[in-house]
Structure formats: C-alpha cells, structure tokens
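Go by the hints and put chains B and G onto chain F.
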Amino acid sequence: MSHFWALYQTNVEFALVGCVFALSIFVGLWSGVLSVAPIAFAAVSAFAIARISTDHPTWSLYVLLIIGMVFGAVFAYLSSFIFLRLSSHYLALATIALVLISRVFALNLTTITGGMNGVGLMRLISFPQLVFILVLLGVVFQRLRKSRFGLTLDALREQPEVTASLGVDVLKIQRVAFVLAGSLGGLAGVMQAQLLQYLTPDSFYVDLAFVTLASAVLGGAYHWFGPIVGSLLYAALPELLRPYLGSSRHIANGVLLLIIMLFLQRGVIDPLRPLPFKSKKTESVVGNE
Amino acid sequence: MSSDILKLSEVSRTFGGLKAIDGMNLSVGQGVIFGLIGPNGAGKTTLINLMSGLDAPNKGTIAISGIDLTGKKAHHFARSGVARTFQNMKLFKGMTVLEHVIVGLDSERKSRFWQMILPVPSERKERKAVSAKALEILEHLGLAHVADRIADTLPYGSQRRLEIARAIATNPKILLLDEPTAGMNAVESVEIGELLNVLRKDGLSILVVEHNIAFVRQFCDRIAVMNFGQKIAEGLPGETLDLPAVREAYLGASGAERLHRLRAGRNRV
Amino acid sequence: MQLLLQQTLNGLALGSAYALFAMSFGLVYATMGVLSVAHGAIATWGALAALYVTNEFGVPTVVSVLAGVLFAALLSVSVDQIAFQPLRKRNNSLGYIITSIGVWICLISVGETVTHNAPQTFPPDFISVGKINISSIYVSAPQVWLFIMGLMVLVVLHMSITRTKFGASVRAVGFSAKFSSISGVNARLIAIWTAAIAGATAGLVGVIGGSAFDNVSMALGEGLLLKGFAAVVIGGFGDVRGTYIGGMLIGLTEVLGSQYISSSFKDAISFGLLLVFLVFRPSGIFKEIKFGAAR
Numbered sequence: 004m005s006h007f008w009a010l011y012q013t014n015v016e017f018a019l020v021g022c023v024f025a026l027s028i029f030v031g032l033w034s035g036v037l038s039v040a041p042i043a044f045a046a047v048s049a050f051a052i053a054r055i056s057t058d059h060p061t062w063s064l065y066v067l068l069i070i071g072m073v074f075g076a077v078f079a080y081l082s083s084f085i086f087l088r089l090s091s092h093y094l095a096l097a098t099i100a101l102v103l104i105s106r107v108f109a110l111n112l113t114t115i116t117g118g119m120n121g122v123g124l125m126r127l128i129s130f131p132q133l134v135f136i137l138v139l140l141g142v143v144f145q146r147l148r149k150s151r152f153g154l155t156l157d158a159l160r161e162q163p164e165v166t167a168s169l170g171v172d173v174l175k176i177q178r179v180a181f182v183l184a185g186s187l188g189g190l191a192g193v194m195q196a197q198l199l200q201y202l203t204p205d206s207f208y209v210d211l212a213f214v215t216l217a218s219a220v221l222g223g224a225y226h227w228f229g230p231i232v233g234s235l236l237y238a239a240l241p242e243l244l245r246p247y248l249g250s251s252r253h254i255a256n257g258v259l260l261l262i263i264m265l266f267l268q269r270g271v272i273d274p275l276r277p278l279p280f281k282s283k284k285t286e287s288v289v290g291n292e
Numbered sequence: 095m096s097s098d099i100l101k102l103s104e105v106s107r108t109f110g111g112l113k114a115i116d117g118m119n120l121s122v123g124q125g126v127i128f129g130l131i132g133p134n135g136a137g138k139t140t141l142i143n144l145m146s147g148l149d150a151p152n153k154g155t156i157a158i159s160g161i162d163l164t165g166k167k168a169h170h171f172a173r174s175g176v177a178r179t180f181q182n183m184k185l186f187k188g189m190t191v192l193e194h195v196i197v198g199l200d201s202e203r204k205s206r207f208w209q210m211i212l213p214v215p216s217e218r219k220e221r222k223a224v225s226a227k228a229l230e231i232l233e234h235l236g237l238a239h240v241a242d243r244i245a246d247t248l249p250y251g252s253q254r255r256l257e258i259a260r261a262i263a264t265n266p267k268i269l270l271l272d273e274p275t276a277g278m279n280a281v282e283s284v285e286i287g288e289l290l291n292v293l294r295k296d297g298l299s300i301l302v303v304e305h306n307i308a309f310v311r312q313f314c315d316r317i318a319v320m321n322f323g324q325k326i327a328e329g330l331p332g333e334t335l336d337l338p339a340v341r342e343a344y345l346g347a348s349g350a351e352r353l354h355r356l357r358a359g360r361n362r363v
Numbered sequence: 419m420q421l422l423l424q425q426t427l428n429g430l431a432l433g434s435a436y437a438l439f440a441m442s443f444g445l446v447y448a449t450m451g452v453l454s455v456a457h458g459a460i461a462t463w464g465a466l467a468a469l470y471v472t473n474e475f476g477v478p479t480v481v482s483v484l485a486g487v488l489f490a491a492l493l494s495v496s497v498d499q500i501a502f503q504p505l506r507k508r509n510n511s512l513g514y515i516i517t518s519i520g521v522w523i524c525l526i527s528v529g530e531t532v533t534h535n536a537p538q539t540f541p542p543d544f545i546s547v548g549k550i551n552i553s554s555i556y557v558s559a560p561q562v563w564l565f566i567m568g569l570m571v572l573v574v575l576h577m578s579i580t581r582t583k584f585g586a587s588v589r590a591v592g593f594s595a596k597f598s599s600i601s602g603v604n605a606r607l608i609a610i611w612t613a614a615i616a617g618a619t620a621g622l623v624g625v626i627g628g629s630a631f632d633n634v635s636m637a638l639g640e641g642l643l644l645k646g647f648a649a650v651v652i653g654g655f656g657d658v659r660g661t662y663i664g665g666m667l668i669g670l671t672e673v674l675g676s677q678y679i680s681s682s683f684k685d686a687i688s689f690g691l692l693l694v695f696l697v698f699r700p701s702g703i704f705k706e707i708k709f710g711a712a713r
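Protein chains in written order, with the numbering used here: chain F, 4 to 292; chain B, 95 to 363; chain G, 419 to 713.
Chain F on its own, in the form it takes in the complex (with noise of 0.2 Å):
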C-alpha cells in the first residue's frame, strides 16, 4: 500500500484538484452556458497566490485559498458583463480566447508572474486538506442541486425560454453561476499552485481548459458527481495502461471521450439512468411491467 502511495501520490493529488476544476466547468454547463473561463481566473488566483504567500509566508492556508476564491469571484463578475451578453457559440469561443490572452499577460506581467522565468510558492496543503475541501465541495452542491438556485438552474438548462416566461431573470441566474464558477477556478488556482510549487505562463493554458472541459462532459455535465468522476477517470486511465501503451498511454482518454461521447451522450452519471437502488418513478402510466 505504501509502495502504490509513494508511486502514486501525485497523481492522486493532481486529480483531486482536477475535481474542482472540472467542477468549475460543470456550474458553467449546469446554467446552459460552455465556459472555460475559470481556467483563465485560477490564473489570476493563482499568480497572485504565489505573490502573496511569498510575501506573508505565515498567512495560513485556508486564508490563502479564500483570498483566491474571492479573486475568481470578482474577475468573473466583472468579465461577466462582457461573456454573459453573447450567444452560446459565441461566448465558448470568447471563454477560450480568454484563456489565450491570460497567457499573454502571464508572459508579461513580469513583476507578478515572472514572466518566461515564472514563479515559485511555498506548498503548505496536505493531503488530507485536498480531500476535506472536495468532500466539503460535494457537501455544497448537494445542498445546491434541490435548492430553488438548483432546480432552477435544471430548468433553465432545459428551456430556457420557458423560465424565462416564468419570471426567472436568467441573465442574473447565470451571472451568478458565472461567479461561482469563478471562484471554483480561483480556488482550483490555487490549489493547483501549491501542488505544482512553480507556475509558468504555461500552467494554466488551452491544454488545460480542453482536458477539464473533456473530463467534465465525460464524467456527466448532469449531475455534480459527473465532473469528479471523469476527473478521476481521466488520471487513473492512462496510469492503468502505462505498462501497455507506455508514453502514448494518454491515447485512452481521447478514446474513451469518443467512445463516451458517442454512447452515452449524457456522460457517465446520468441522473436520467436511474441506479438500481434509486427511488424515482419512472415506470410510464401505460403499463407494460
């Protein structure tokens, strides 16, 4: 067991925050809206981290990974009155575009970022902290996903134009989502700095917004375990082939993404796929048990 935790730990850790990240993603989807715009505010969150942490090394964690949810969280408000005006197709692509200047300004903004050089931070989170937040994270959504925010956001997703004619302002219900999508970037940031311990420009680019977007839509953009389950997948796959495939071994994420989307449209976790030991009434009135 010690022998799999010393060959594994990484990238045990390194999926667990890609857990938050896909879940940044999914609150996106959850409002009917495909962004990776999170990625572009763990970034932020994550530079300014490095910085801060670098200059106040006896603030704590904790004060750490709130200091980088809030910056998420008002870059994404402030960005959303610019994003949320578009249409879908052309928000995505904005959301990406974002993405791709972030670097840009990581590149330049030599005196947070370092520039080309980067910059380095101190890891203070454990392992068990990693856990704790995720499972605090299910905690939340859970309690979101019956809460009129939930449920309206179900509906939303579904027909929009429906809520609308049923008083719901849904520019403001993806606003907020917006945010909290941010945050969850910001906080994945941060997360994803201290684990790396050196970020460059390169840390939070377009290979990182695809690879999150794919296992958050593979794992199940309907349901909040969705995006943690492809998470995992998407780590644990490759090393389970290592001794097969090697260095190409990434070959079956893109496999199993095809073969996902292709079949199960909906992604792993479906809520509409009841499990066995689900309660829900499905059984159609015209009966044919």
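Bear in mind the hints are in silico, worked out from the structure with no lab data behind them. All clues given are correct.
Derived, one-sided and incomplete: chain F residues facing chain B with beta-carbon distance under 8 Å:
(1) Arg146
(2) Leu147
(3) Arg151
(4) Leu154
(5) Asp157
(6) Glu161
(7) Gln162
(8) Val165
(9) Ala167
(10) Ser168
(11) Leu169
(12) Asp172
(13) Val173
(14) Val179
(15) Pro274
(16) Leu275
Quick reminder that beta carbons are idealized off the backbone N, C-alpha and C, glycines included.
Positioned in the frame of chain F, the structure of chains B and G alone reads:
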C-alpha cells in the same frame, strides 16, 4: 380601456422582408376568455411570443394592466402578470410534476444564494412552504395524485394540464394558451374548456389560440380572427365565425364559395 | 528600413502559413459548423508523414509533400467520419468541440511519442536550395513556397466555392444539411470531400511550414490552430478571401510586433483582437453572408 389586462396597439413584427404581424390592435379585458383563431402561418404564435415578451415588436406598444412593457424581457412580462404555455409543450425533462410547479413559483421565493449553501432553517422552511403551495396548485388542477411522477411519463392530456399548472403558479393576471387542445379528443377538450372556466372564475383573463372551432364556440366569450399577420375580424364567436371573410381565410375563396353552395342546398360540388 | 523590409517578408511568409491553415480550418467551420481543435494536430501529422517518407525512402521532395498532403487528407476524413458524422443527426453544435478534443488527445499523445517530444527537422535540402539573398535580405525557399501556396489555394478555393457546382453544394450544406439533401445534395459526401480538402490544405501547411520554420512538432500544429482560429474570427469565415487577409494580418502583426514592441508581446495583438472581434463583431472584418452551419 384602462381596465384592459392586455392591450396591443398597432403592433408590427417584421422578419427580414416578411411582415409576420401587421398593425395589430387587440384588447383583452378582465375575466374574459378570448379566442384567437386563424389558418396556419397567420402569425398566432408570433403574436403570443410578442405578448409574453419572448419577442419584441418592431412597431407599436404592448401594455399589461395599463403599463407599457414594449421591448422588455420575458421575465418582466411574467412578473407583470403574463403567463403562457407553448405549442410544442415544453416540459422539463427528468423533473417531477411537483418540481415543475415549484419552478413556476420561483419568483415568489425569497431565499438567497448563501442561504442555500449553509444549512439554515429559513431555507428549509421556505422549501416546505413552496412544496405545499405547489401541491395546492396541483390539487386545483387535479394533478396532485401524480405529484411525484416524472412529468414525461404522464399521459398527454395530463401533461397539457401540467403545463397550465406551471404557468398559473406565477400568479398571473392573464394566461396565454397556445393550442391547449391540440391532439386531444372531444372529451379531453371539453375538460380543458371547463378548466378554463374554473380559472376564469378565479379572476384570470385567458387568451387561447386554437384550431378547434367547436371549442372556441363553446368556451370563448370573444374571438379575433387572424390571417397574414392581420386581424380580419373580431366579435362574438357565433357571428364572427359565420362571416364570409373568416370562411374564406380558412377555405380559400373557392372553398368558401363551395361551402356556401353546399349549405344553400345544392348537392353538386 | 532594411530590417523593416526583412521582417515584412518574414511576416508575409508566416502570414501565409496562418492564412493557409485558417482557410482550411474555416472551410470545416463554415460548412460543417465543426470547431475542431484537432485540426492543428492534423497539420503536424501531415508533416510527420512527409518526414517519414523522406527519411525512410529518400524520394524526391514533391513525392514527400504529396505523401504528407494525402495522409493529412485521409486522416481528416477519418476524423470527420468517426468523431463528427455520428453527431450530425443530433441537434447539438457544441458536441463537436468535445469529440474533437477526444481526437486531439489521441493525435497529440501518439505524436509526442513518435517525435520523442522534441522538434524534428526536415533535411536541409528538402525544399530547393537554401536562401535567396537580395541585397542582404534573406528569404528562404520554403517561405517563398508558403507565400505562393497561400495565394494559389486562396484562388482555387474561392473559385471552386463560388463558381463550381461542388462549391454550391458546399455552401448549400453549410446553410442547411436538411434542406440541401432535398435538392439532391448528398450531405455526407460533401462533408467527406470538405474534410478531405481541409485536411489536404492543413497537411500542406504542415509540411512546408515545418520546413520553413525548421520545426516539426506538435507545437507547430497548436500554434497554427490558435492563430488560424484567430484569423478565421477576425477575417471572417464566410469568405476565404477574408480569412486569407485575416491570416496575413496576424502573421504580419506578429512578426513586426515582436520586432518593434517586444517578443513576449507578439501574441497580445492577435489574441486581443480575437477577443475584441468575438465580443463586438463576430462576423469578422469582412462581413459576408454567413453560411450558418450544417448543425
């Protein structure tokens, strides 16, 4: 009249070169069941979209209870008292019947985001209250017994009722129904008509777009007839439906003529 | 002055590479509504195929280039049929991005293994002899070829799209797959041909670009993808002429910006403009009749 719940004045809607709605004037008073009929393509659904704020007119004004809402977004119309159903019934996939009505009750809810994350008693209390109110609405519409069923497992007639239940959950002043009896047989249609009578007694005004002429004759206080984006007739159902202009609209000039000759007793068509 | 001229020529060459890629990317995007993030990898794989053929068989350059182009075309068609065709029946335009990510992952991971994650190079005499030297302004042969190919492909594509029956079919499918099949257009066949042409062009850029920039690696493809995407948005994807100009514009501003402002700023203009256009003028500089897409 300022007592009109809904008032359209010289409303026009153009799509590219096509004039979908042309100089429409319409008023619906309090407690009236108003029917809107016309052949396919006449612009009836476009009109409902304009009246519910999902679309905005190029010309003219739309007022709800005397307040000008022209150009405002759909949720403003909803909060001012307009509710509607849709032609292709748009239910929420995977949600229960009760949950549909709860979504409809959203604008009444007060809980804020942070209250939903933290386990505060006020949020749980509100959830209970909302569920109870939703159940009441379902009872009123005869759907309480299927409250926990997934909506798309219901029979078609019940789904239509659910759509109406969801709409009236917003506590509207006027309900816009887009072909509520589509796909129903005579018995089911009459049930819907009787439901409308009940709602009217509750104080609601109703505007119903329909193809079912018998339904319109039986349940509407007043009707308007549309064709090519214009109102071609308005008045009491009986007399309006007999107007030659109306018959022509549906059957074409030669068809109307043929019908007239048939009715006049000549058997040769 | 001389430096300006030199860098302008470099910019034109780079711009031609971007323009070529953008035109091929735009073709798929405009007609099929498919935003394929794997397209850059297809360009690289074309280059890799050409490299392999050159190194293994020592054939004349033309044959290698053809091999690369053909390989990329076949790859593109396969990708289209495996990852995009099944999605065409579904009404979900954003689903293509996800499956294209799947393909991208596959192509990148195998590509990185094959290239041992290090840039490969073509043999030095791959494309004609070294550099042309006009009063100490250097232009390499591959750069010239990029420019020529850029113009040629522009003309060919524009002519075929606007003047031929095939082009009309492509535009019809781009407007609506459903309605075009009513008038007898086989949407699937058009998709295949479009994918083939787009793949071939991408392969062409990969080979010649890889030779011009002395760099055949997955990064080549990714660079082309991002800048090509920017070019398509800025120049407009409805008309290849706009896309071409978009690509040239980006290449020029990148080289000149790098020279006269700062090298770490070179992407700022391209991506900054990209965001500005997406927010304020998504149809691009040249607001042509939009295709819509075969969603």
